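With these hints in hand, go ahead and build the complete structure from the sequences.
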Amino acid sequence: MDERNFQYMFYGFSAAWVVIVIYALTLFARESKIKAEIDRLKSMLEEKDRK
Amino acid sequence: MRNKLVYILGALVAVLFVRNLYVILNVLPDEANQGAMYRIMFFHIPSWWTAGLALTVAGVTSGLYLATGKMKYDAISVSVTEVAVAFLCIGMTTGMIWARIIWGIWWTWDARLTSALICVLLYGGYLILRNGIEDPTSRARISAAFNIFAFVDVPIVWYSIRWWRTQHPQPMSLPPEMWSALLWNWLALILLMIIFIKMRLRQEEMRREVDGLRRLAHAI
Numbered sequence: 001m002d003e004r005n006f007q008y009m010f011y012g013f014s015a016a017w018v019v020i021v022i023y024a025l026t027l028f029a030r031e032s033k034i035k036a037e038i039d040r041l042k043s044m045l046e047e048k049d050r051k
Numbered sequence: 052m053r054n055k056l057v058y059i060l061g062a063l064v065a066v067l068f069v070r071n072l073y074v075i076l077n078v079l080p081d082e083a084n085q086g087a088m089y090r091i092m093f094f095h096i097p098s099w100w101t102a103g104l105a106l107t108v109a110g111v112t113s114g115l116y117l118a119t120g121k122m123k124y125d126a127i128s129v130s131v132t133e134v135a136v137a138f139l140c141i142g143m144t145t146g147m148i149w150a151r152i153i154w155g156i157w158w159t160w161d162a163r164l165t166s167a168l169i170c171v172l173l174y175g176g177y178l179i180l181r182n183g184i185e186d187p188t189s190r191a192r193i194s195a196a197f198n199i200f201a202f203v204d205v206p207i208v209w210y211s212i213r214w215w216r217t218q219h220p221q222p223m224s225l226p227p228e229m230w231s232a233l234l235w236n237w238l239a240l241i242l243l244m245i246i247f248i249k250m251r252l253r254q255e256e257m258r259r260e261v262d263g264l265r266r267l268a269h270a271i
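From first to last, the protein sequence lines are chains A and B.
If you're matching positions, the first sequence starts at 1 in the working numbering and goes up one per residue.
If you're matching positions, the second sequence starts at 52 in the working numbering and goes up one per residue.
For the record, the hints were derived by calculation from the structure and aren't laboratory data.
The structure presented is a predicted model; accordingly, all values stated were derived computationally and were not measured.
Do not take every clue at face value.
[Unchecked claim] Each pair of labels, with its calculated beta carbon distance range: (1) B:T119 <-> A:K35: 28 to 38 angstroms; (2) A:E37 <-> B:P80: 50 to 60 angstroms; (3) B:V78 <-> A:A24: 24 to 34 angstroms.
A virtual CB, placed ideally from N, CA and C, is assigned to each residue, including glycine.
Printed below as a string of structure tokens:
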């Protein structure tokens, strides 16, 4: 392979992957936050029911 | 079951990306003027195509929401738009890195780049707008209207290189092996887009559950 500008091609590929990974991590983090909120609300409702 | 589908698609995407990277880096011939740099187009172009496809779906589902009032269309619109913004960001960053080497500048205000930046800002604004509206029905109605308004920019981005003289390259004829690599990587990105949309849609369902539980908690 012609290696002229290989470094910048690598930066370009990396940039694409960084965006994908950051977005995937954001999705995972958000999902666990919503799950925690659902659990909190459910336990709060159960507590209210018991009273 | 849904998780299983996401995992299967994820494995398929991983295999496709490994195969595509091998072809892009080792099989394809060199380009005379740009050196290795031209290989960025195998991510840059399919990212824009993927974003364009997603934004078209979002425009259609926004229209369907306004026509029917069904919240599932709103959920699809926001999920697809958010994923499209991620692909727009890939298109922008890879394009800017390519431009820095080939043009000697990171950015120029030509019609393609400017309309593309407006596209990113419009859809970024759509996502911010949604966070600012509390009532779910108003949020869905206003953001559907905004999404359709924003979609006007998508064909402008697409045709800008034909309508105006731009520094951005015009559509070019590629050898069959390069077309093949481009389409294979587009397939990988489309599958990745489907995975992200499925994950994002599940979050919308969970959010509706949170809203329901909150209403119940207030009612008790």
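Here's how the hints hold up against the structure:
1. B:T119 <-> A:K35: 28 to 38 angstroms: For K35 of chain A against T119 of chain B, whose Cβ atoms are near 30 angstroms apart, the range 28 to 38 angstroms holds.
2. A:E37 <-> B:P80: 50 to 60 angstroms: 53 angstroms Cβ-Cβ, so the 50 to 60 angstroms window holds.
3. B:V78 <-> A:A24: 24 to 34 angstroms: 28 angstroms, holds
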